[in-house]
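A.B. asks: What follows is each chain in one-letter form.
2 protein chains.
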Amino acid sequence: MKALEEKILKEGKILGGDVLKVGSFLNQRIDVAFVMQMGEEIARLFEGEKITKIFTIESSGIAIAFAAATKMNVPVVFAKKNKSANVGDDVYTSRVHSFTHGNTYDAVVSKEFLSADDKVLIVDDFLARGNAIHGLIDMVGQSGAELIGAAIAIEKGFQGGGDELREKGLRVESLALIDSMEEGKITFRN
Amino acid sequence: MKALEEKILKEGKILGGDVLKVGSFLNQRIDVAFVMQMGEEIARLFEGEKITKIFTIESSGIAIAFAAATKMNVPVVFAKKNKSANVGDDVYTSRVHSFTHGNTYDAVVSKEFLSADDKVLIVDDFLARGNAIHGLIDMVGQSGAELIGAAIAIEKGFQGGGDELREKGLRVESLALIDSMEEGKITFRN
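Chains as they are written, first to last, in this note's numbering: chain X, 1167 to 1356; chain G, 1167 to 1356.
The reader is advised that the hints may include incorrect statements.
Heads up, the list lumps identical chains together, so a pair's fine if it works in one copy or across two of them.
Below, computed lysine-lysine pairings styled on DSSO-like, alpha-carbon distance capped at 30 Å [what the hints assert, rightly or not]:
1. LYS1176 to LYS1285
2. LYS1351 to LYS1246
3. LYS1351 to LYS1216
4. LYS1237 to LYS1334
5. LYS1246 to LYS1277
6. LYS1216 to LYS1176
7. LYS1237 to LYS1216
8. LYS1351 to LYS1285
9. LYS1247 to LYS1277
10. LYS1351 to LYS1277
11. LYS1168 to LYS1237
12. LYS1187 to LYS1247
Keep in mind that the hints were calculated from the coordinates and are not lab data.
Produce the complete structure using the sequences and hints provided.
C.D. replies: Put into structure tokens, the structure is as follows:
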């Protein structure tokens, strides 16, 4: 999505440790009209797939998931990040390690909100090594729902998580796919 | 908002300790079309107020804030909940105690996303004792922005936080205002 690549070049900030900050339009501050355009593009990419639910994880995935869902007329379900291991029987859960935040948490979602009848599209703001998305895929598997694919705003391709999922046969669509951001220069994959 | 009151009566679940669960449409699972209606009602209530920014807090405030923002054509800014006290100089922060979760956190937002030129509407999913909203008000104050009011999906009026803010002169609009939920029966304020 050309407009997103331009926005990243204009407003994104590269910090140390392969961190790309897009707090000016995608998290912290949300450029609502622009995120709605991203949602529209996700809806276009997965048109005809008969998706019944969008699945994301708190918190920065919620806005783009919501935007895509308004265009696709489906509900959003979001997993919560639970720091304690104290979760009940009525939830699906998956342990996730976050390299960005240097912590580990249980992603948790109530069983009542994902079921074997669902066709699920995972939506998230970032895909790097893919740890969060592996947690979401794990929970979709536990529910018996069919996983149609994953739509990501910004993939950091050089961290390999997206290609690993594609090699396993998952359809992963990233609106912007960054192949490198060395020496402050962002290069997108064609 | 009549439709919200009906939805609460139909889908809300009262748990012990004054907890009302609306996970089927407002958090965990988000009924996107319905949340968009709520956003439209918030936009109608604050029409003509020249609001420049909607301010909320992660995670469950994001969807309704986003919905209101699409109708008002303004960005959303959301505060993060930071468990550590380690925050930099470039942020506004306020300490919040959550009775629901029994913990204390620092609400944090980057200074670059709230400024003295802004006219801010606070939006959140729940208002009970009002601790989270006090944190948001505190940060708006630190930024020098003008606080226009607060729009809440569901206020638990019997916990007093909303009326306390109204007595101080803040405009607080709740789409559903619950006056009691004793013995499993929900009563709305007229």
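A.B. asks: None of the hints should be skipped; say for each whether it holds.
C.D. replies: So, going through the hints one by one against the coordinates:
1. LYS1176 to LYS1285: This pair counts as between: shortest inter-copy Cα distance 26 Å, intra-copy 36 Å.
2. LYS1351 to LYS1246: between (34 Å within a copy, 29 Å between copies)
3. LYS1351 to LYS1216: neither (39 Å within a copy, 39 Å between copies)
4. LYS1237 to LYS1334: within (28 Å within a copy, 41 Å between copies)
5. LYS1246 to LYS1277: The answer is both: 13 Å in one copy and 27 Å across copies each meet 30 Å.
6. LYS1216 to LYS1176: between (35 Å within a copy, 28 Å between copies)
7. LYS1237 to LYS1216: both (13 Å within a copy, 27 Å between copies)
8. LYS1351 to LYS1285: The answer is neither: 38 Å in one copy and 36 Å across copies each exceed 30 Å.
9. LYS1247 to LYS1277: For LYS1247 and LYS1277, the Cα distance is within 30 Å both inside one copy (15 Å) and across copies (26 Å).
10. LYS1351 to LYS1277: Between copies only: 26 Å across, 43 Å inside.
11. LYS1168 to LYS1237: Both: 20 Å inside a chain and 25 Å across chains, each within 30 Å.
12. LYS1187 to LYS1247: both (21 Å within a copy, 18 Å between copies)
Of the numbered hints stated above, those contradicted by the structure are hints 3 and 8, listed in ascending order.
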